[in-house]
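Take the two lone chains and join them into the complex the hints point to.
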Amino acid sequence: MGDSAYSFSLTTFSRQGKLLQIEYALNAVANGRTSLGICTKDGVVIATDKKFSSPLVDSEHVHKVEAVTPSTGFVYSGVGPDYRVLVRNARKSSQAYLRHYGELQPVSQLVKSTASVMQRYTQSGGVRPFGISLLVAGVDGDGTPRLYQVDPSGAYFGWKATAIGKNYINAKNFLEKRYQDDMELEDAIHTALLTLREGFEGEMNAKNIEVGVVRNGKFSSLTPSQIQDYLDEAN
Amino acid sequence: EKQAEKIVTNPKSTAAATHKPIIDMSELTAEHIPDAREPSGFSFDHFHRNKVIADAAKSSGAALPSATKTGTTIVGLVYKDGVVLGADTRATSGAEVAEKNCEKIHFIAPNIYCCGAGTAADTEKTTELISSQLELLRMDTRSPSRVVTACTLLKRMLFRYQGYVSAALVLGGCDINGPHIYQIYPHGSTGKLPYTTMGSGSLAAMSVFEHGYHDNMAEAEAVDLVKRAILAGIFNDLGSGSNCDTCVIRMDGSVTMTRAAVAPNETQPLRDGIRHSSKLTIAPGTTPVVSSKFERFEASDEREDPTAMET
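If you read the protein sequences in the order shown, they are chains B and E. In case it helps, UniProt numbering puts the first sequence at residues 1 to 235. In case it helps, UniProt numbering puts the second sequence at residues 1 to 311.
So here's chain E without its partners, still in its complex pose (with noise of 0.2 Å):
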């Protein structure tokens, strides 16, 4: 009669009255199962019937919707006096391009850069988050920051988020030990390299990486190679685009940021090239003035009574 129960509850059946439901998702929450204890720390109630609907959504071919990939080519290695970090600069919304000169390598510390794919929001705001607790572990221990300690506080940070937070990282930069790279995914998961590259366009950008890289290359070497990563990102891949920035930290403390070290895609030459018709402009005074009169208008709070509309 449990069965019975179920047909009469759940409103789709009622239409179709016939049919019983394939599913009835109450019976798979916490509730109905056997044994269910109080649930602690995260909860899985939902993990058996998410399952049971990607499993009928694929035998009855519908298509489940998919995320958003992260259009991006971001890299970042590591050379004989410190480390070189690269990005593209386009923003995506879908298939439209938002932000032509987006700035995607961002602060931490005076030592350390990260470069961040994904979200747009998401990456500004975790790295701007951390870089807060660095500058306030700073003045607490009165020493510089360490590439080690940023990873650990951001794959904390996005573990804890369980991949919602859809920033993916490539944190470089140096300190005490060393210049370091590291490479950080939204689940919270790091992998510590020579050279790594992350986003949409990662795939190219890395092919000329695996080419190109060798250890202890001098610095105009190392910011060729990015430059040549990041612009095979910005040329093969859809999701990057526009200008390349480049990021030199240097173990003796210096950092060198430049926005659009390469610029291939400048618009304005071709804005420029095109011939305006001399008829879209004109200039001031073409017109003749016949006369002129100016006459005060006295704003008035008064209104005239309005008359009601008949109906």
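Bound conformation, chain B alone (with noise of 0.2 Å):
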């Protein structure tokens, strides 16, 4: 990177002390479609929301929650290609963890390393922030499970609920009213299902929504027939 034309970092500070890149990025995620995620003492659940502008879209094919390693998973809002570049990158880093330590990466430790590759993204010559943020589901290395949200500054937080992109003020007062420490994973499904249907443009069915889920320490995207089966239940 050094002696190439753009050897400055794009990304710098205003009079007022922003990164204005970085907030600039943020509103590529406010305009991204909404995701959300809720944890509890027995899992944890995120949901996005998967509609397209046109129903010729072959959505069966296009997906947004992503498992990382078998017990955690990543979802999005923001600038899809970003997305993957991220998650391909957190999969060989935890691949890489696991070949060294005999174990697989806590939670924790991936959402550090992520977070670590987002802010190089902010503070190297010639690229861009990430126009994404992440909410991580998994569980740490003492099996709790634990939700973790990572911006495109390379910030990351941990939630008990939480929600991004698109009307994500309304999601997440709506979560703040329903939130209870002692949910249940089941609970927390419905609950996340509920909120996502609130901001919902349309119709929301099985096809044009996703879940992930962290039961038991695993990491599964549930099917669209495991999805009708929770909407069935709700109405």
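Since the hints were derived computationally from the structure, they do not count as laboratory data. Note that CB positions come from ideal geometry on N, CA and C, so glycine has one too. Don't take every hint at face value.
What the hints assert, rightly or not - Taking lysine-lysine pairs in the DSBU-like style, the calculated list, with each CA pair at most 35 Å apart, reads:
| hint | chain 1 | residue 1 | chain 2 | residue 2 |
| --- | --- | --- | --- | --- |
| 1 | B | Lys218 | E | Lys155 |
| 2 | E | Lys80 | B | Lys218 |
| 3 | B | Lys92 | E | Lys279 |
| 4 | E | Lys100 | E | Lys58 |
| 5 | B | Lys18 | B | Lys207 |
| 6 | B | Lys50 | B | Lys92 |
| 7 | B | Lys112 | E | Lys125 |
| 8 | E | Lys58 | B | Lys92 |
| 9 | E | Lys51 | B | Lys92 |
| 10 | B | Lys218 | E | Lys125 |
| 11 | B | Lys18 | B | Lys166 |
Said to hold, decoys possible - Some chain B residues close to chain E (C-beta under 8 Å, calculated; not the full set):
| hint | residue |
| --- | --- |
| 12 | Pro81 |
| 13 | Arg91 |
| 14 | Lys92 |
| 15 | Leu98 |
| 16 | Arg99 |
| 17 | His100 |
Claimed, not checked - FRET-style restraints, in silico, Cβ to Cβ:
| hint | chain 1 | residue 1 | chain 2 | residue 2 | range |
| --- | --- | --- | --- | --- | --- |
| 18 | E | Pro144 | B | Leu231 | 25 to 33 Å |
| 19 | E | Pro110 | B | Ser225 | 20 to 28 Å |
| 20 | B | Arg84 | E | Asn177 | 28 to 36 Å |
| 21 | E | Asp224 | B | Glu203 | 24 to 32 Å |
| 22 | B | Glu176 | E | Thr256 | 44 to 52 Å |
| 23 | E | Ala218 | B | Gly143 | 17 to 25 Å |
| 24 | B | Glu203 | E | Pro110 | 34 to 42 Å |
| 25 | B | Ser225 | E | Ser43 | 18 to 26 Å |
| 26 | B | Leu56 | E | Glu124 | 47 to 55 Å |
| 27 | E | Ser43 | B | Pro224 | 25 to 33 Å |
| 28 | E | Val148 | B | Pro224 | 40 to 48 Å |
| 29 | B | Glu233 | E | Ala218 | 43 to 51 Å |
| 30 | E | Asp140 | B | Glu103 | 36 to 44 Å |
| 31 | E | Leu136 | B | Pro81 | 15 to 23 Å |
Structure (structure tokens):
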């Protein structure tokens, strides 16, 4: 990077002490489709709106909820291609961790390493920050389920429940009212679907949302028929 | 005058000044070969030199160091509903048994396992590496791993290391195309077979297989044949011993890994049979305590000034 014409960072401070590129990246996230997550004592649920602009899109083969290790999953709001780069990077680095330590990488370690990758792109030559915020669901070293959010700046936060993307303020208010510390995973999945439906444009069904669940230390993406079962219960 | 130069620069020949050196190694490397091109890809610079050394050693009667044999018996076979893998559990370090119950059947994927003969670290790390690569691939493609993929990844890596990674593998598993067994050699060659054996005990095991194998065996019969083959290796090959591990991988996705499926070399009964003198076990309290005194010892950091030694 040193001898390229772009050896200077594109993310520079404004007079007020702000990094405008990061603020603009956060705007890109706020324009993305809503994603949310809820963390309970027996598991984590993450969900996202997968509605496309045209009914002609083959949505079955687009995946927003992705497994990164057998026990952690990602979902995002923002620019899709940026997300895929981070998923690939996170998968490779957690395999390297597995080969090195002989254990699955705990979610807190994975979050730190992903966050540091995102931060690197705010302080390197010739690159722009990632246009996504991530929601990471997984289990920590001691088996406790955890939910994290990672922002384009590389800042990360642990959450009991949160939402990102379009309409995130309303979604977060909704979650705040419904969240209980002793919630169980099944309740959380129902609450997640209800919250998603609140801000949904048009009709929500099993094909235009995606749900990922961490249960008993294992992450899995729900199939459309499983989602349909939950939706039927909610009705 | 090139000859005279060589005699002067070769240190060996200054001691035995009247002897002309038999071989000057520098003569045989690339720089001295006329028309030598810039080497690309593999470097065969030392090919000629190595051949000359080997021939010289043979003619002078000196023995070149030989490769260490892989002490192991590993087998694999395909039966009606899947594959069965088997291995002994002895790890040797020269003529010494380094580990009496090591695990030679390695996990590669939920539907693929691999037996490894050769250098223990090489088989362990190679299978771990390919297992990691397959997990990444499964996440990328969202589909289960195929045995041929594991075989290809393994052989490409082993060939790249030109046999220096001493891993001889029997790879087995079930995928969408059925049950498969592959044999993979340290230099990277592979074979796809209904049944195979590898390691120093492979001949003993193969003789059992050739006698008893037939297509479409039932599971119980297949597992029994694998056990008998490994036992043949355990008892007839010094490099193999201790217990027999088996691993059954079925087309329905279930896997049964049995450590010590047969354990014919248990040492505990023999040890228990040794009659130890009762004088060797002294119960606590045998020696009566007459009196006891406790004194606190303060460890101090102060040291007396060391007096220098007089020489």
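Which of the listed hints are not met by the structure? 3, 4, 5, 8, 9, 12, 17, 21, 23, 25, 27, 28 and 30
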